[in-house]
Amino acid sequence: MTAYIIRRVLYSIPILIGVNVLIFALFFVVNSPDDMARTILGDKNVTPEAITNWKQENGYHLPLFWNTSAAGAARLTETIFFTKSVRLFVFDFGNSDRTGISIGDQIRLRMAPSLAIAVPTFVLGLLVNITLSLIVAFYRATYLDRWALVLCVVTMSISALFYIIGGQYVFAISLRLVPISGFDTGVHMLKFVLLPVAIGVVAGVGAGVRFYRIIFLEVLGNDYIRTARAKGLSEVRVLFKHVLKNAMIPILTGVVMTIPFLFYGSLLMEAFFAIPGLGGYTLEAINGQDFAVVRAMVYLGAVLNVAGLVLTDISYTLVDPRVRLG
Amino acid sequence: MNAPGRHLRRKQFFFRMYSGPHMRIGKHRRTVVSNVKTFVAFLAALLAGACGSPPNNPHRADDSSSNYYYDTFMAPPKHLDPVRSYSMDEAIFVCQVYEPPLQFHFLKRPYVLEPLTAAHMPEVSERFIDGALHTVYEITIKPGILYQPHPCFARDEHGGLRYHALTRADTRGFLQVSDFANTGTRELVAADYVLQMKRMADPRLNSPVLSTMAKYILGLDDYAAGLRSQLQAERAARRESGGMLYNQREDEKRNPIRLDYDGIEFPGAELVDRYTYRIIIKGRYPQIKYWLAMPFFAPMPQEALDFYAQAPLIVRGITLDRFPVGTGAYYIETYQPNRQIILARNPNYRFEPYPHQGEPDDAALGLLSDAGRPLPFIDRAVYMLEPEYITAWNKFLQGYYDTSGITSDSFDQAVTMTERGVGLTDLLQDQGIGLITAVTSSIWYFGFNMRDSVVGGLDEKQCKLRRAISIAIDIEEHLDIFNNGRGIPAHGLIPPGIFGYLEGRAGMNPYVYDWDEDQQRPVRKSIEEARRLLAEAGYPNGIGPDGKQLTISFDNMMTGSSYAPYLNWMLKQFRKLNINLVINTTDYNRFQDKINSGNFQFFSWGWNADYPDPENFFFLLYGPNARHGHGVENTTGYVSARYDELFRRMETMDDTPGRCALIQQMHATLQHDAPFHFGYFPVGYSLYHQWYFNAKPNLMGRNTLKYKRIDGELRDQLRREWNRPVVWPLALFALFVLLACVPAAVIVWKREHRP
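Sequences listed follow chains G and S, in order. Position 312 of the first sequence, counting from 1, maps to 312 under my numbering, and the rest follow consecutively. Position 449 of the second sequence, counting from 1, maps to 449 under my numbering, and the rest follow consecutively.
No lab work stands behind these hints: they were computed from the structure. It is possible that some hints are incorrect.
[To be verified] Computed cross-link-like contacts, BS3-like style, restricted to lysine-lysine with a CA-CA straight-line distance of at most 30 Å:
#	chain 1	residue 1	chain 2	residue 2
1	S	Lys-696	G	Lys-44
2	G	Lys-44	S	Lys-282
3	S	Lys-215	S	Lys-282
4	S	Lys-548	S	Lys-461
5	S	Lys-696	S	Lys-108
6	G	Lys-55	S	Lys-215
Build the full structure now, drawing on both the sequences and the hints.
Below is the structure:
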């Protein structure tokens, strides 16, 4: 397995280089360094001299990929790409172009609020979805099953924005049970996370239950389930020992892939609930044309994606003895 | 196992999934409902316990009745360094901390300057240097003013500065200035103001006012060039020794460059003595007095620069741009721009009384009740990050923010138009909320490219074309539809409240409006008049000499579907004249590129004045400021010898009847030439709760937090009253869920009893 992990890590290097080059190229196709300077300097008194000066101070006066005015290796190293993006490979994210604040510090600072929402939403959502889908699978081919499916489709069809605004209206404005938005630390955090977590769970129920139901029904149709029942095993034992365990591979594929992205936060949820997490940070950077932050967050996303894939493969070996990584 | 056995186990599974040990479907439903109610009550109590009552309070319970002010900010500030900060969002923080020598009187209108840290208004004299006239502003500051407590002033037992030789170990885990255990202070001196003026020229700070100030302050441009050369030389040397992998930004973070501000002569700022300094202006520029009320001219202690120039702090992001050092009524106690920014009362603040005088109505409005009392009144101002307006609005209605603006989304919920004018809806009146309105010192206009062969030029025909379009674009309708009436149609460049603005017939634009004697107000000329002008311009019924329909492009930055109704409305305005309007919508950067390069015909934009002087509006059309030349402010490229000559005379005059007459002549020229459709002056609406006092808008002075007062006890009482939790719907919902379980139980029963 160690050899497999090392191989996957090595495979990830060209992927990360590709991601880095791609995000760099895409960003600068849409925005020139002049655009960035104008956006960051503001609306008033932005003279051509101020733009030139800003670029000089922030290293955006250099050519993008190839410096024809330099000599030797400096043609490559004295470029925006080299000075800005290469350091990402050692997880040195640098400073925000907009505020000058260390991006690494901000990621560390903002990770906790993102996780405070994402982890309970993920864990509770998983429990609720698996539980409900097992129940729906238990009642397969009854009108309860059919109504549950209709309800799932309805809940899936509703925009997440509706759940957020609706949830805020009902629970924070009408019933006045929780704050509309905000965040705090320690025990004071509880009142702020209840509503976003509940909304996150409810908004994901439709898709989750449908997905897991299909998996469980597929497993329920297998011969070994019939055999288990023929042996006289209880339905609980059949469902939890045989059905759930055999359904773990497709479940894990989705679940383990999701885990690394929990750090990433939710753009929408964090914006509406004023959660000071990484989702809001990314959104701010996009709106403010802060290339340093956008680049760092996309790179982080790519690394998490690769990590998620490796973790998924490893988790297969844990739940299915037939799977061997080599 | 036989079939009945299998069903039995299914039944057991069902009950384990749906019921707890105390739950018995069908038998003890009342007990279950009661338990749910108890749980909900417990949850509410838990929430209340965690945060104090009521449970939807987003603030700490202990703070509810405190003398705190609660407000919002929509995005983290970019800069809090007074030499860099130039946005309204940042001014709410910067202006409470930093104190320039002058300030705008809180109550008097029109806006009046008064000393802040200055002992009196600057003494103005003239001086000839190399035969050229210069104006000297001598400013004497009050002695005994102290800076806020700050670690940059902290001294050790030997009297040395405690935190000026920091190592990385000293700052391990530090995130804020408040992490330092010791603080100190010192007296404000004139040298601090001179130092700040020098910082304007520091190329690393990119001060947004450098280009403007360099035009007026003697030697500032040369001083800036000198600092730039010094910086470039140091960087070149470092680059050479750093080798191929040298990274300037990273290097300067770990080994900051200290420019020698005193090594280059700067004749524009003279230090006279401990409390007096002079600013030398090239020629005359009376508007400098307004700049002296802005943070760009606030003091900066050398200790702060030395403290923040230490690498261990730069690496940790503890910089002057985030943690200000000032003498103002407040200092930044907590800086968490991703969540909250808290200002606290400066314990070293000197005695400054609430003003005794104001406008005639101010006493009746209770705005003089606090006259003579020492400022500030509020202990802490808590600003919470609210990226979405709608959540901030609802929290305001719940009483959790003390003030609020009004956007189009909430306008109908807040404001109603009555016969007597603008009023609040019953909902807001019942809550005792107050409304204040004020015409902003800004203008939203439509501009023509004066260098365009179709819409530009100063020939009479071309002027008539622009006047015809100005008549056709019905700004009154625009305000009704898109601004909820929050604006005043502009007849010229100057909004009400600025010297030179004339009301009524005297201030009317006679090329676009007629005076209605019955209604005693201007009425837009008819569309027939516009068509007649269009025909005289060579486009009868919108058809040009080449027989083709006149086509004009409209450049704008209104991306997004929400602007579609507005753009359709614009098409309709031009259709009145049978002109084909081509809409070119781009993002803001592309839009600015087009304006800068003169690649446009017609556009809309806005201007927010820096100070309450007509010069700050008329310079938008001053020839030498033409954007396509070497200036930046004159977006249309309008160049009129007559207007420019009038502008030069008006620019340096005091507010006299003669200046007012010149302003009217300038307006007459602009109204005739019509480089702008003057658009409208936006009117700002803001709301405040009944426990918030001294709510008078001051659109020029931003350091007004010190004048505000809060009745914390009343706020706490009303918050509790308005936010009593409602729990019964949750119990009802739980009951509904339980009832929904009945069909499931029926199925299980049927399966169990299947033959």
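Cross-check of the supplied hints:
Distance restraint check for Lys-696/S and Lys-44/G: the Cα-Cα separation of roughly 27 Å lies within the 30 Å cut-off, and the hinted pair is therefore satisfied. Between Lys-44/G and Lys-282/S, the direct Cα distance comes to roughly 23 Å. Compliance with the 30 Å bound is thereby established for this hinted pair. Restraint check for Lys-215/S and Lys-282/S: the C-alpha separation of about 8 Å stays at or below 30 Å, so the hint holds. In summary, the hint linking Lys-548/S to Lys-461/S is supported, as the alpha carbons are separated by about 18 Å, within the 30 Å threshold.
Of the supplied pair hints, the one linking Lys-696/S and Lys-108/S holds, its CA atoms being roughly 10 Å apart against a limit of 30 Å. Under the criterion of a C-alpha separation no larger than 30 Å, the hint pairing Lys-55/G with Lys-215/S is consistent with the structure, at around 23 Å.
Every hint, counting from the list given before, is met by this structure.
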